[in-house]
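Chemist: Model the placement of chain B on the given structure of chain A, informed by the hints.
The listed protein sequences correspond, in order, to chains A and B.
Its first residue numbered 116, the first sequence is counted upward by one per residue in my numbering.
Its first residue numbered 13, the second sequence is counted upward by one per residue in my numbering.
Quick caveat, the hints were computed from the structure, so don't treat them as lab data.
Quick reminder that beta carbons are idealized off the backbone N, C-alpha and C, glycines included.
Mixed in with the good hints there might be a few duds.
What the hints assert, rightly or not - Coverage of chain A stretches by chain B, computed from C-beta distances (three or more under 8 Å per stretch; other residues unrestricted):
id, segment
1, 142 to 148
2, 178 to 186
Claimed, not checked - Each computed DMTMM-like pair below joins lysine to aspartate or glutamate, with the alpha-carbon atoms no more than 25 Å apart:
id, chain 1, residue 1, chain 2, residue 2
3, B, 253, B, 110
4, B, 206, A, 183
5, B, 206, A, 146
6, B, 206, A, 145
7, B, 253, B, 104
8, A, 341, A, 449
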Amino acid sequence: MARGQPRLVCSWGNVARGTHSVYRLSSRFEDFPSLPAHTSILPFGNGRSYGDSCLNVGGALLDMRSMDRFIHFDAQRGTLRCEAGVQLGEILRIVAPAGWLPCVLPGTQYVTVGGAIANDVHGKNHHRDGSFGCHVTQFELLRSNGERLLCSPQTNSDALAATIGGLGLTGVITWAELQLTRVAGPWMAVESVRCRDLGELLALTSASSQSHAYTVAWVDCAARRKRLGRGILQRANPADDGGAARPAASRRWLAVPFTPPVSMLNPAMTRVFNALHYTRHSAPMRSIQHYQQFFFPLDGIRHWNRLYGPRGFYQYQCAVPRDGAGDSIRRLLEATAASGEGSSLAVLKFFGERPSPGLLSFPRPGVTLALDFPNRGARLERLFARLDAIVAEAGGRLYPAKDARMPASLFRAGYPQWQTFSRFVDARCSSSFWQRVMADA
Amino acid sequence: MRKILIIGATSAIAEASARVWANRGAALYLVGRDPARVAAIAADLRIRGAAIVAHEAQDLNDFAAHEAMLDRAALALGGFDIVLIAHGRLEDQRACEESVDLAMQEIRINALSVVAVCTRIAPRLSAQGGGTLAVLSSIAGDRGRRSNYVYGSAKALVSAYLSGLRQRLHSSGVQVLTIKPGPVDTPMTAALRKGPLWASPQSVAAGIVRGIERRRDVIYLPGFWRPIMWIVRGIPEGLFKRIRL
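Only chain A is shown next, with the shape it has when bound in the complex (with noise of 0.2 Å):
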């Protein structure tokens, strides 16, 4: 009989932590734990998540990340059965040398099948291609009460809505297929161009939605008045001659060995860093650039999140509807400079019109925003209720995986569906945002 490994379980952000009671699945073919009797669990992947979505603090977790087998790789029409606890980097060295990629990558590649279903992600080519969820063909779904519902768009497709974007509240995904997309190669031809301002940046980034199919722009949130929301836009297409010889990617393993005992990224640093990266990028940049390096800048440096020291950090990541996007952008990113918080990395991306399978999914027609903080306490929590207040007139949303703060009300204000899915929770399942967004419900 198994039983609950007791373990201090922190996720990606450092900031949200506890001790929980570790349970493990290591093959599809296992039944659901049993559990103490009121005790909850969650489906716990490669806790890449930032906040408190991916914990379940006094209750249980399910380690997921021994279940880990390929079950079926189809080269010529490019799908792929696994179990939920593969990581996307293990993917990518099975499919790419036979020619594929999943359809949508992420910024790591350190996270599971099942937390990429999950939280539903996104990568650069959102405007293109929609969201992670948009290209799993079908999964199974292990309720507590030893049910397994096999789910896609045609059987259990209410299951299904509920599970994709569902925070893993709904029960465990043993296994999953993908879709993968053809590729010539595993290069990216990449461009860098500066913008002066907001109104430039929103505006060359909608145009390269056209040309490109992967976007994302840099934005100095140090920047103010007639420079605000400045930054370079980064745009790829995939290079037409995949197949040439080229210089194998060079890989620079760095790693952050300890936790230094204050953040290396404080407003000063970030103001010189941002000024100079931006000053770099006087001439647009051309370069070709091996996927790994192109869609995982981060990935190589291991433990990054170590850098922000002991008490962590906060990502603010909402996205707000297109119909007046670049206002309330433009009053997120005066908010932000005018508090002299400094966001260590600023990100801006388009979301196109491809509907996120998922009630819980974050991606919506219009655009998102993701700002880095080091965790300063009350002071950082006085800029997020600015921030939020802009966000919820907006009628925009927070992204879950990023979030370890948001009041409920904002919650529901941004997914209105939460009632529907709700109903599909199951009974023995749990987590500390669940329980922090449901409070008083």
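Modeler: Below, chain B alone, put in the same frame as chain A:
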């Protein structure tokens, strides 16, 4: 292309080792008790790059079936470069103290079935004039301790048997590798409380592959167990019986 037979292929340590070999394009023959699980692992290893993966479901407690199983494996692979024996079971020690049947079962699967299958493998490797027989024993076999001496005594039998077999096969060029892992975080040990000395199946697998390549005789995994067990073995019995281990 290396030809590798894995007995107990659904064990976490065997599966992790098989992935290393699959990645290098080996030909694998998997034997495990549960047909669905062994088939699932075979499919996974094919996708990970193994040149050939054949498999069969077999309960190693049926000693009479060993010969035919080895025949099928030898036919499928065309001989053996490596045979890894990794099947095993860990019953609750207290339950074994209270039930003769359970204690005998524990000895039978962890020790006698290993002797039975090794007895049939040894002449095959010897006739080939080479190859590796790698067998999972345990640090638990180095000295009987109250917390798991039934399992430990079965592993002690395996270690002693392999030591003699190594001498016998030395002149024919066959490597006999005794693998002694410390506690490993696997489904077999799911009921036990974990501590800082626990190893992952992946790190143990890497040690096994390395030990085979370097043609070692006895390996402790992780390596720090070698000095620890040297000390444990040296404690006088009069003192040892008073220690709670």
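Chemist: Does each hint fit the structure? Answer for all of them.
Modeler: Each hint, compared with the structure:
1. Requiring three or more residues with a Cβ within less than 8 Å of a Cβ of chain B, the coverage given for the segment 142 to 148 of chain A holds, as 3 such residues are present.
2. Given a C-beta distance limit of less than 8 Å, the hint that chain B covers the segment 178 to 186 of chain A holds, as 4 residues qualify and 3 suffice.
3. At roughly 21 Å between alpha-carbon atoms, residue 253 of chain B and residue 110 of chain B fall within 25 Å of each other, so this suggested pair holds.
4. Distance check on the hinted pair: residue 206 of chain B and residue 183 of chain A sit about 22 Å apart at the alpha-carbon level, within 25 Å; holds.
5. For a cut-off of 25 Å, the pair hint linking residue 206 of chain B to residue 146 of chain A stands: about 22 Å separates their Cα positions.
6. Between the alpha carbons of residue 206 of chain B and residue 145 of chain A the distance comes to roughly 21 Å, so the proposed pair stays at or under 25 Å and holds.
7. For the given pair, residue 253 of chain B sits about 21 Å from residue 104 of chain B by alpha-carbon distance, which is consistent with the 25 Å threshold.
8. Of the supplied pair hints, the one linking residue 341 of chain A and residue 449 of chain A holds, its CA atoms being roughly 11 Å apart against a limit of 25 Å.
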